[in-house]
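Work the whole structure out from these sequences, hints included.
Each residue of the sequence shown is one higher than the one before, counting from 1 in the numbering used here.
For the record, the hints were derived by calculation from the structure and aren't laboratory data. We treat Cβ as the ideally placed atom computed from N, Cα and C, and that holds for glycine. Wrong hints could be hidden among the right ones.
Claimed, not checked - Per label pair, the in silico range of CB-to-CB distance:
hint: 1; residue 1: PRO50; residue 2: LEU83; range: 19 to 25 Å
hint: 2; residue 1: MET1; residue 2: GLY36; range: 37 to 43 Å
hint: 3; residue 1: TYR37; residue 2: LEU83; range: 46 to 52 Å
hint: 4; residue 1: TYR53; residue 2: ILE13; range: 45 to 51 Å
hint: 5; residue 1: ALA68; residue 2: HIS48; range: 32 to 38 Å
hint: 6; residue 1: SER47; residue 2: ARG72; range: 32 to 38 Å
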Amino acid sequence: MKVRTLLFLAGIILLLSGCNSTSQSQDDADLANNAGYRCEQTRSLGSHIPTTYCSSALDRKLAKEAAADELRSIQASRPTVDLETGKHR
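Laid out in structure tokens, this is it:
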């Protein structure tokens, strides 16, 4: 009887502590969204464990511009082929 009571109390404490950490995480996410931050949970290939990646609006803008610049530089350096002769221009 004592063992059952102890297991029951341990289970309740574990459950309540899990709920408490979830609400705190939600509060942190709400605070971050109000400040212009965005957090996303992503999983790497082959992993079931999500990792949280947070970025500000400025970080996302700079990453988008860097990606566009990289794409432009790759497309500018790509060799073109003349379809009639099959030779590079």
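To see whether the hints hold, each was checked on the structure:
no.: 1; hint: PRO50 - LEU83: 19 to 25 Å; result: violated (47 Å)
no.: 2; hint: MET1 - GLY36: 37 to 43 Å; result: violated (56 Å)
no.: 3; hint: TYR37 - LEU83: 46 to 52 Å; result: holds (49 Å)
no.: 4; hint: TYR53 - ILE13: 45 to 51 Å; result: violated (32 Å)
no.: 5; hint: ALA68 - HIS48: 32 to 38 Å; result: holds (33 Å)
no.: 6; hint: SER47 - ARG72: 32 to 38 Å; result: holds (33 Å)
Checked against the numbered hints listed earlier, the structure breaks hints 1, 2 and 4; every other hint is satisfied.
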